[in-house]
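Protein chains: 2
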Amino acid sequence: MLTKIELDAWKATTPDTENVEVVNRLIDQFGLSQMKKEELDRYDHHFFRRKIIIAHRDFGIVTERIKTKKPFIQMTGVACSGPMHMGHKMSIDLFLFLKKMGARSYLAAADIDAYVSRSDKTVPSLEKAKEYAVDNITDCIALGVDPKDIYAQSRKEQRYYEFAFELTKKFTFNTLFSIYGEDYDPGKNSANMLQYADILHQQLREFGGPMPSITGIGIEQDPHARAVRDIAARLPYNFVMPSFIYFAFQQGLQQGKKMSSSDPATAIFLSDTPEEAAKKIRNAFSGGRDTLAEHKKLGGIPEIDRAYQILKYHHPDDKYVNELYDRFKSGEITSGELKDEAIKFIGEFLKKHNEKAKRARPIAEKIVHGR
Amino acid sequence: MLTKIELDAWKATTPDTENVEVVNRLIDQFGLSQMKKEELDRYDHHFFRRKIIIAHRDFGIVTERIKTKKPFIQMTGVACSGPMHMGHKMSIDLFLFLKKMGARSYLAAADIDAYVSRSDKTVPSLEKAKEYAVDNITDCIALGVDPKDIYAQSRKEQRYYEFAFELTKKFTFNTLFSIYGEDYDPGKNSANMLQYADILHQQLREFGGPMPSITGIGIEQDPHARAVRDIAARLPYNFVMPSFIYFAFQQGLQQGKKMSSSDPATAIFLSDTPEEAAKKIRNAFSGGRDTLAEHKKLGGIPEIDRAYQILKYHHPDDKYVNELYDRFKSGEITSGELKDEAIKFIGEFLKKHNEKAKRARPIAEKIVHGR
Chain A
9 MLTKIELDAW KATTPDTENV EVVNRLIDQF GLSQMKKEEL DRYDHHFFRR
59 KIIIAHRDFG IVTERIKTKK PFIQMTGVAC SGPMHMGHKM SIDLFLFLKK
109 MGARSYLAAA DIDAYVSRSD KTVPSLEKAK EYAVDNITDC IALGVDPKDI
159 YAQSRKEQRY YEFAFELTKK FTFNTLFSIY GEDYDPGKNS ANMLQYADIL
209 HQQLREFGGP MPSITGIGIE QDPHARAVRD IAARLPYNFV MPSFIYFAFQ
259 QGLQQGKKMS SSDPATAIFL SDTPEEAAKK IRNAFSGGRD TLAEHKKLGG
309 IPEIDRAYQI LKYHHPDDKY VNELYDRFKS GEITSGELKD EAIKFIGEFL
359 KKHNEKAKRA RPIAEKIVHG R
Chain B
9 MLTKIELDAW KATTPDTENV EVVNRLIDQF GLSQMKKEEL DRYDHHFFRR
59 KIIIAHRDFG IVTERIKTKK PFIQMTGVAC SGPMHMGHKM SIDLFLFLKK
109 MGARSYLAAA DIDAYVSRSD KTVPSLEKAK EYAVDNITDC IALGVDPKDI
159 YAQSRKEQRY YEFAFELTKK FTFNTLFSIY GEDYDPGKNS ANMLQYADIL
209 HQQLREFGGP MPSITGIGIE QDPHARAVRD IAARLPYNFV MPSFIYFAFQ
259 QGLQQGKKMS SSDPATAIFL SDTPEEAAKK IRNAFSGGRD TLAEHKKLGG
309 IPEIDRAYQI LKYHHPDDKY VNELYDRFKS GEITSGELKD EAIKFIGEFL
359 KKHNEKAKRA RPIAEKIVHG R
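Sequences listed follow chains A and B, in order. For reference, each letter of the first sequence is one residue, going 9 to 379 in the numbering used here. For reference, each letter of the second sequence is one residue, going 9 to 379 in the numbering used here.
No lab work stands behind these hints, which were simulated from the structure alone. Mixed in with the good hints there might be a few duds.
Identical copies look the same in the list; a pair holds intra-copy or inter-copy alike.
[Claimed, not checked] Pairs of lysine-lysine, PhoX-like flavour, derived with a Cα cap of 25 Å: (1) 352 to 266; (2) 45 to 327; (3) 178 to 129; (4) 136 to 178; (5) 327 to 44.
Quick caveat: nothing in here was measured; it's all calculated off a predicted structure.
Turn these sequences into a full structure, and let the hints guide you.
Written out as structure tokens, the structure reads:
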């Protein structure tokens, strides 16, 4: 019998999604669906072509809307509990792609959520959560998100808050404790109320009415997806069951650590300078061998090489990325040379991003503080 | 050892507060304070003179503010889960009196609370809760409440909702389950978040800052008072601990039943016609004896007579009420004659009230629906 893979939406444990068997077990265990080849082919983005999107729930409904050029909703969020890193950038890249595909787009800055669900050490006050909200929204705008598509949880319409309270009537604590485990607390419960409202409220009559919706999440967040689908079915609004697509888990730069906003060495932040990023990549875990001779003989292991992963997850050019894969795997190039490629790519990206962020900040301030 | 008196804030069990010993035990058990004679004397209202207000928590702080003519806050709520009856009227009478004493006054129509915390049978939808909100606010305005002092939970400032979520960070489920018992559920938790926010949010900087506040509640609602004081102390806002005064329990018109919006025979509703009210009083439980001869000989028992209670709780004239007490207790007047007095008083009150309510309704509609 296969061991059950324990995933905890709050602790964000890290399954090895580079491993196909692990992915298949997760899909099986959670009742997710594999992406079909025709779906992977339909979407012209490297997330689909490179199987960085590994599974879904009801994505077919959204595909059908795109095919028939009918409107659909997409929703994503930024956590407001620290600076954004390259892992977070993936959600925004997907968001920008789905917007191009015609989605009515909503990006929530989860400022209240961040304060009530995180430790005092991470987010000591609401003010701090709002500082992070400004930072995160700044990055989103710099990445290309339309400011009109962004809202902060603390600055919504009354109906949104009413709805967040309303939906709790359909839950029991037994259900919530069984989904979220023993560490569940009133603050996390509040965060959930807001997350469920973030995902569902656009389907209320006041916001446009029932419509298919899609959200991209990490596979470890599936408990939230199950909970929000459970509640969607029991509310009296004829909601279309929200769809989800699941990202593979982009590992931290250091072996055995996930990307973390509170541990700068584990991830490249969107606010890093090119020099800071270069240093982090130099120190990152590599798939090279212990000696050059061994590397030339055996070849590298791109699947575990963090410089390669950066390029695989973020560089848009398939030909370039595939060639690097082959040349590293054959031992033709060293991990140092692979890191040079990642450093060059990330450096150019960050230089432009930092400039755009400067212009974006006043707009982000206005979204969070209304002035 | 005295038996512990079990009170449940949700079930609203009914202690016999006409019995001084029961009142003393409750005060002792909950750690409440007796009203001091000087306090009872200071307030020129029959609630104080007749000891209808039986206990308090920190009322002295508010008395001090009144003495020194400094501002203080008062807050009360209407439940929006059915029509208002004469029991509810007492909160509003106290509210009007405290407004005259200089209180900054806030009256919350608990429309979201009503939907999320009540059974589907009582409040089947948010729309129904808002209908009740219009009804309840109509009655409050007709009783004399300034419409500017009234708000509906569903139509507040963003900061109010943010605060309702925020305060949950300071609670544990252990605390909440121990205060509210096993029937506690996510809907009731939402109702509590809003109630705590209703009582505390006026002390936020955005709403005026820390200041003594007073709320009159039924003694069976003390678990809420304890919970909100607990949270007030742990929030980072230097809140003044909110004060409470406790009403005696006005019993239902039928023996063994509490006044209930869903059981018309148990209470006189503010929307009743004088004729409907007269019929209810005729059928009410009386403190008269089985035969006239016995009544003349032994005298009536005003303490259990519902017609007498109506006059005691609502008629402003001490001399009139005391005389009726004496004449009924001595057997000089029968329960039928006592009922005639109550019918006359209530009939005149309702006739005027119904006229005022007609004029108040459009204002109430505007408060709830914004149009």
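Quick rundown of the hints versus the structure:
1. For the identical chains of this complex, residue 352 and residue 266 are intra-copy neighbours only, at 23 Å inside a copy versus 77 Å across copies, given an alpha-carbon limit of 25 Å.
2. Taking the shortest Cα distances, residue 45 and residue 327 sit within 25 Å of each other inside one copy (20 Å), while across copies they are farther apart (89 Å).
3. In this homomeric assembly, residue 178 and residue 129 come within 25 Å of each other (Cα to Cα) only across copies, at 14 Å, whereas the closest approach inside a single copy is 33 Å.
4. Within a single copy, residue 136 and residue 178 get their C-alpha atoms only as close as 32 Å, which misses the 25 Å cut-off; across copies the closest is 17 Å, which meets it.
5. Proximity of residue 327 to residue 44 under the C-alpha cut-off of 25 Å is restricted to the intra-copy arrangement: shortest distance 23 Å within a copy versus 86 Å between copies.
In summary, the structure agrees with every hint in the numbered list given earlier.
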